[in-house]
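Engineer: The lines below spell out each chain.
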Amino acid sequence: MTDFSRVDLGHINLRGSAEDSRFVDGATKVLGQSLPLAANTLTQSLHRIYWLGPDEWQVVTESDRAADLVRQLEAALAGQHVAINDLSGGQVALQLTGTDVPELLARACTLDLHPSLFGVGDCAQSGLAKTNVLLGCIGETPVYEIIVRRSYSEYLLRWLRQKTHSRAGSVSS
Amino acid sequence: MQTNRLDTGGRIDRSKPAGFRFDGRKLQGYTGDTLASALLANGVSIVGRSFKLHRPRGIVGSGAEEPNAIMQIGNGASTCPNLRATQVELYDGLIARTTKGWPGVNYDIAAINDVFGRIFSAGFYYKTFMRPQSLWHVYEKFIRRSAGFGRAPAAADPDKYEHLNAHCDVLIAGGGPAGLAAALAAGRAGARVIIADEQNEFGGNLLATAATLDGAPASDWVQQTTAELSAMDNVTALPRSTVFGYFDSNFLTIAERCTDHLPAIERSGSRERVWRVRAAQVVLAQGAFERPLVFCNNDRPGIMLASAVSTYINRYAVRTGERAVVFTNNDSAYQTAIDLQRAGADVAIVDSRRSSAGATAAIATGIPVLSGHVVVDTVGRKGIKAVRVGRWSGDATQTVDATITIDCDVLAMSGGWSPAVHLQSQAGGRNEWNDELQCFVPGESPQENRVAGSGRGKWSLSDCLEDGLGAGKDAASRSGYTPVDVEAPNVDTEEPASMEPLWRVPASQPPDRCPKQFIDYQNDTSVADVRLAAREGYCNVEHVKRYTALGFGTDQGKLGNINGMAVLAESLGKSIPEVGTTTFRPAYTPVTFGALAGENVGELFDPVRTTALHECHEAAGAPFEVVGQWHRPWYFPQPGEDLHAAVNRECLATRNSLGIMDASTLGKIDVRGPDAVEFLERIYTHNIGKMSVGRCAYGVLLGEDGMLMDDGVMARLGEQRFYLTTTTGGAAAVLSWLELWLQTEWPELDVFLTSLTDQFSTIAVAGPNSRRLLMKIGCDVDLDNAGFPFMSVRDAELAGMPVQLFRVSFSGELAFEINLSSSDAPRMWRTLMQAGEEFGITPYGTETMHVLRAEKGFVIIGQDTDGSVSPVDAGMSWLLSKEKDFLGKRSLSRPDCAREDRKQLVGVLSADGTTVLREGAQLVEDPHARQPVPMCGHVMSSYYSACLGHPIALGLVAGGRSKKGETLYAMQSDGSSTAVKIVSPVFYDPKSERQND
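Just so you know, the protein sequences line up as chains V and B, in that order. Counted from 1, the first sequence has number 102 at position 102 by our numbering; the numbering is strictly sequential. Counted from 1, the second sequence has number 450 at position 277 by our numbering; the numbering is strictly sequential.
Incorrect hints may have been included.
Derived coverage of chain B by chain V (criterion: at least 3 residues anywhere in the stretch with Cβ under 8 Å from a Cβ of chain V; other residues may be distant) [stated by the list, open to error]: (1) 331-340; (2) 563-569; (3) 883-892; (4) 928-941; (5) 1063-1069.
If you're looking for bench data, these hints aren't it; they were derived computationally from the structure. Ideal placement from N, C-alpha and C gives every residue a C-beta, glycine not left out.
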């Protein structure tokens, strides 16, 4: 069985150089959690932080904490070459739980989601049903988080609803 | 009556009869049958009429190679045309119709064509119906009707289809002996394996052979092996699944038929599933096709491939005749003779070779063998009655006289075997001619794959099994697994497999005068046709294919192509490898359009983007306009209003009091960094450094060719921070364009770009009462002209919500754009609508927006420009900084860009003051000039302006700015013309006083 739900969360886009210790230390201190520096990984503790690129991260946190965090980051990193944008209004997080989820996603996503290759802590920016998504494996069950632009979210939810209701006719032996 | 059904044996389930209809006749077969085996069991011999000559045709093969048994299956919207009966699984209630012949296959009026067969030679239609050309449309109707096969359904496809992306270490195409062995070896090594086979069960030829493995029927080994594979978590076994495409980077596609084998009532879920597989390693184990032999009248119903005759006996318990002749040039057909004899038929063998191991063995079992003889001709129009046999000299250039007649009701023929090189060829691999095997075998491949089994000329069963194991081990080890030892089962009796080439059998007359010797049954291509093509100068096999239709059709030459190449080679005096093969392209066998479309239909055809205010617009009853992927409200009709009435009302309300629109789809980009000014100076045409914080500017960016690429408002939010808007459709392209320059050309610039398109919603309020509205709902910044002049931006709190407030205008009215978090947008919209009631606030859509901006002469990039319009053409020279360089600037000084007679933006008014011009209409100086009439411009935007009381249009006219006041003519779609006057593109408030109010 597959469960999916829309989760109300705060979203922050953070830009800065991973090679600049002043930035990394400053951000880490405010976030209380280290930035993932390995490509296509995420860290989870107080928040979920996704690696998006060598100078870009996505912080996902409780919805009412985002505005505060943005202010704190702006204060702590003032004067540095950074960009901090609150995207809570522009992104939607969906969470999908169930052992069937990799096969469900495989219907419209070209990533190899085999647990040995895409386990807890792995993430990727990819396409799902012709929309751009940020996909992360955030739990053992497995649980996946999909972050999509708000304008595409209704379309993606429609796709998910259709797919969870229609399974293929015969089960392959 | 299943007159040809054997009492025992086969893989059919006699306890599960399946009733079906064939051209209206009620017949019965069994579950496990194909439509072809059930028809043969019922003694149905004619299943089609040939393409051109309308000759009666019967079932020839038992698989994908079948050229004749092309059926229309099912009724109504889910009917499927042109399925090969040999690949259609029988189920209770199946409805099949033949696709050729009128009124029916048994009596076809067009068979008269056969009488005149000689004039229906290669290129007949090209040569005959060319003149007079004007009559082609008359000919075409009749030719199309008499040609062609089934009929596509007229109604929408009611079935569902799906796609599935899959990844594996080893993909194995084909589940016969080699494929199964490969799967076993790779699976046991631990590799992620997908094995796909087009048939309903795995085993391939092992299900159709009398051979035994380790003392047991071969099907026992198949059963054990498939059971073991199914039990492995790392193996996905897909029956009814055809690997139909092999593309770059080991990307392959598989069509899985999920429900077609079930009675309609038992079907649920998707009908077909296309697997899109990325494989690290590929094993191609598709086997080989038996070749027919080419002799006079070799197309009579009852003439079949020897392997098909064996398959029908062993797999389907159907003996296709009682008196059989086997005609062969190789040993494999001897097994067919033995199978026929065991099934109780009288058998005689005609072998073109003087001696062979096979003959010796057959004679020992009492089967008569005519060695060194060939079948020259056959007798029996609607079914074979006899063969005429002559002595074979070994020289195809000499004639052969038939001296012996043998009565028969089935002729099993075998001209040797051709590996199915299709997928390897699609993969980019070369085929090499092998003289010893007398066939093309796959050569070097540019991709990570290997071919196993008869697909590379390993004819014997033990070779196939060993080859498969080796391929599986190799593929597993190349994808990082340690191979384990797997032992092949022992093949108890190995058949000899020698052959001598026999590409065509000469008759008593020369090939061009003797009865038809068919090479390609489906297209009625004969030896004479190929020779004629060669005589007429066609020497390239691809051209011969197109001239003679050799290798076209649903079977794509799987049956006859190699014989055709050989006949062509002989005619040209070349060798077969010199002639070569035609190109093998996907799909290997036909795939339905439904499967290819998958789920990308209906509401999932393309992503739909909606703004945060979408529900408000839906509630207001707005129809939506598709802009890129966005659905934007088009207009907001009140009861009884059409588009024009609504737009006129919306325009007037906005100009006179207050309009409101959702502008959220504009692209929005946050630009930050110490080099932000420098970066933007290089991209945009205006002076950025001079902008003070809090001010906005209209900006355009050009391609390197100097042409307008996009436009928008740029706001300076801080010393090192800017905010850009882009057009709705250009948002993604502009961001990519900026990132391209930043990352690849100017990496030394410290700038970060972040898309805010979805984060912010934008609500535009426009009209003389817009300021009053904002003051009414509570705004914490001073909104008057002194504190907040036109083209400036403020952080503000509006109705208690944090917003970025822009004083910009795309309507020419006093206007504000409210940027705020999309989460707050619906609340803000409702607040504004409620507070605006006293001003008659009027929501307007994209259509009114277009009219309002056109009244002001504001261009829309993409509507009024087409990639060939420079800012100078569009009247924007004032935007081009003389003090700096920017992208595209140098191109503007090219002589072509400086031409005086370039098409320039102008206003266009119809002279009668009432005609709304057609958008796209060409503008000419003299509508009565001799054709082709010289064109001097065209209309890009055209509307009725309610504010002005007459239609307006924007156009591009050669040298237009100097033509103001002149009269041109706009051509209408019916060929008539309307006089128009060229004017300034600014129709309303030319001094722009209203927006500064």
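Engineer: Are there three or more residues in the stretch 1063-1069 of chain B whose C-beta lies closer than 8 Å to some C-beta of chain V?
Structural biologist: violated (count 0)
Engineer: Check whether three or more residues of the stretch 928-941 of chain B sit with their beta carbon closer than 8 Å to a beta carbon of chain V.
Structural biologist: holds (count 6)
Engineer: Given as covered by chain V, does the stretch 331-340 of chain B meet the bar of three residues or more with CB within less than 8 Å?
Structural biologist: With 7 residues in contact (Cβ-Cβ under 8 Å with chain V), the coverage given for the stretch 331-340 of chain B holds.
Engineer: Examine the stretch 563-569 of chain B for residues whose CB is less than 8 Å from any CB of chain V, and state whether their number is three or more.
Structural biologist: Coverage by chain V is violated here, the residue count being 0 at a Cβ distance below 8 Å.
Engineer: Using a Cβ cutoff of 8 Å, are there at least 3 residues of the stretch 883-892 of chain B near chain V, or does the coverage claim fail?
Structural biologist: violated (count 0)
Violated hints, in rising order: 2, 3, 5; the structure is consistent with all others.
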